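Protein chains in written order, with the working numbering: chain A, 1 to 287; chain B, 1001 to 1287.
Incorrect hints may have been included.
[Unchecked claim] Derived BS3-like pairs (lysine-lysine); straight-line CA-CA distance at most 27 Å:
| # | chain 1 | residue 1 | chain 2 | residue 2 |
| --- | --- | --- | --- | --- |
| 1 | B | Lys-1132 | A | Lys-69 |
| 2 | B | Lys-1132 | A | Lys-61 |
| 3 | B | Lys-1132 | A | Lys-43 |
| 4 | A | Lys-262 | B | Lys-1132 |
FYI, nobody ran anything at the bench for these hints, they're computed from the structure. All values derive from a computational prediction rather than experimental measurement.
Take a look at the letters that make up each chain.
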Amino acid sequence: MYRLTQIFPQKALGSFVVFLCASYLGIGGSATAQTSTDQLSGKLVITGASTLAPLISEIGKRFESLHPKVRVDVQTGGSSRGVADARQGLADIGMVSRAMKDEEKDLYAYPVARDGVGIILHKDNPVQALTDDQVVAIYMGKITNWKDVGGNDVPITVVNKAEGRSTLEVFLHYFKLKNTDVKAHVVIGDNEQGVKTVAGNRNAIGYVSIGTAEYDESQGVPIKLLPTGGVAASTETVRNSTFPMSRPLHIVTRTSPVELAKTFIDYAQSRAVHDIIKQQYFVPLVD
Amino acid sequence: MVEVATQQPNTREWLAFVLVWGSAVLVTATFCWLLGDIIWHGLSHLSWIFLTAPPENAGRRGGIGPILVSTFLILGVCLAVSLPIGIGTAVLLVEFTSDHSLFGRLTRRSLDVLAGVPSIVFGLFGNAFFCKTLGLGFSILSGGLTLACMVLPILIRSTEEGFRAVPSNYRLSAAALGLSRTTTLFHLLLPAAVPGLLVGLVLGVGRAIAETAALIFTSGYVDRMPESLLDSGRALSIHIFDLSMNVSGGDANAYASALVLIILLLIINGTVSWLATYGLHRKIVTV
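Here chain A stands alone, though its shape is the one from the complex:
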């Protein structure tokens, strides 16, 4: 057999060792980031709901500009991940885009904004309103044709959200459905994907964040929001809490937050970020 040095000359082996050492030193260097007493510094890792990720990223950027030594790293992946990462300490703060569950009472939760979930149809669909029972029947596969609810004689395409998405949980909770009951034709992930799916299929029914749908509607995307429980779906009715199918957006921590995390959470709940919240099509909690 052949020795290693016959295959790789000494020089190549040497440079590989140098590469390994260099990467090791690099790792050692980053661990020295510490919080100093006089000025806020350090790194905040925030993970969780993709709905909240753009909002918290933008708040983080403004926070960084106020505290230049601070880095706010926002990662996405879903509310369940936000809860899990905050619990395991993988993240300093988790993002959860729904009401907290009973088994999550161990976490400290701070609401930052509200979001409504609205039912959307294609603009050309003649159906103007659906009762809660009709929506339930459609999603359970008991009504499969639009003519049964006053529309054209065409089959209904049911668009559902993927498991772990908070909009799904808000939707199922309001309509008292189980996800296993839902007979979906299309399963989607993000809100924008839901809007695109319904805009591209005249016979589809879906549900998305009202802020997203309102914006897309104003941009001429052929969708329309249906009222739920007799209340029009709009950011206004979400703000004054009259719209029934809405959700709070939370950031959560495992322990009572101190220093950097506390300052950030206070800032995210303050009036100073209301313009960012509106810019991301969510609804600030107080006005």
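Add chain B to chain A, keeping to what the hints say.
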């Protein structure tokens, strides 16, 4: 069948003609449509400022400067790790192990299995191993290493083919001339195997630069300018995904970013094939 064929050779030929040309036109048309769509929507937003400025308002405004830098760094890490390991393994498989040995067969089989593994599996592995076990966290290093794992099978297999394409006369002549295995490898076999290596490189880089699923849980979502390889950095493909699926009103910049990605791919592929044709002085024609 034969009778029919001899009776109607013209029909058959005509059919084959239509089929062959039809497929070619279909493929080309699809590509042109896709490219045209992206250029149509993206070109007007493309500018020097777009390429250099940081994203603003969750990517709806601003540019992709930091995202481009992160993408290059991730790709750099990926290639710096996968090229030496890939070439090394290919050399070992072709030149230093027998084709029928258990080790060789097992390695090849596992590489073929790995090449077919969906990228999200690599993403979850990278998240568990590089981010958590090795403690690299969400970082460009984690992302690059995950991508390296992903492109290694492709790289090794095509480099291996490159080595196999070198006639054994070369090895025998070199041995007859009294050249050592090392000299033969570096001065004869490696240059002769370059075409295979380049094919692997093009395929690998193409897969790596277009990767979303493997990167969202490893290199992450942070769109700030990276300061070191241990910072989280958003890759271009994740930016496009987020803008088109998660951020309402992000479509225009998503198209522009997609155009940048395609131009990047064309430049990389162009450079590699230029290298293959003109750039390598020591190129050996193996035909």
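The hints, checked one at a time:
1. Lys-1132/B - Lys-69/A: holds (25 Å)
2. Lys-1132/B - Lys-61/A: holds (26 Å)
3. Lys-1132/B - Lys-43/A: holds (17 Å)
4. Lys-262/A - Lys-1132/B: Roughly 25 Å separates the two Cα atoms, so the pair holds.
Checked against the numbered hints listed earlier, the structure breaks none of them; every hint is satisfied.
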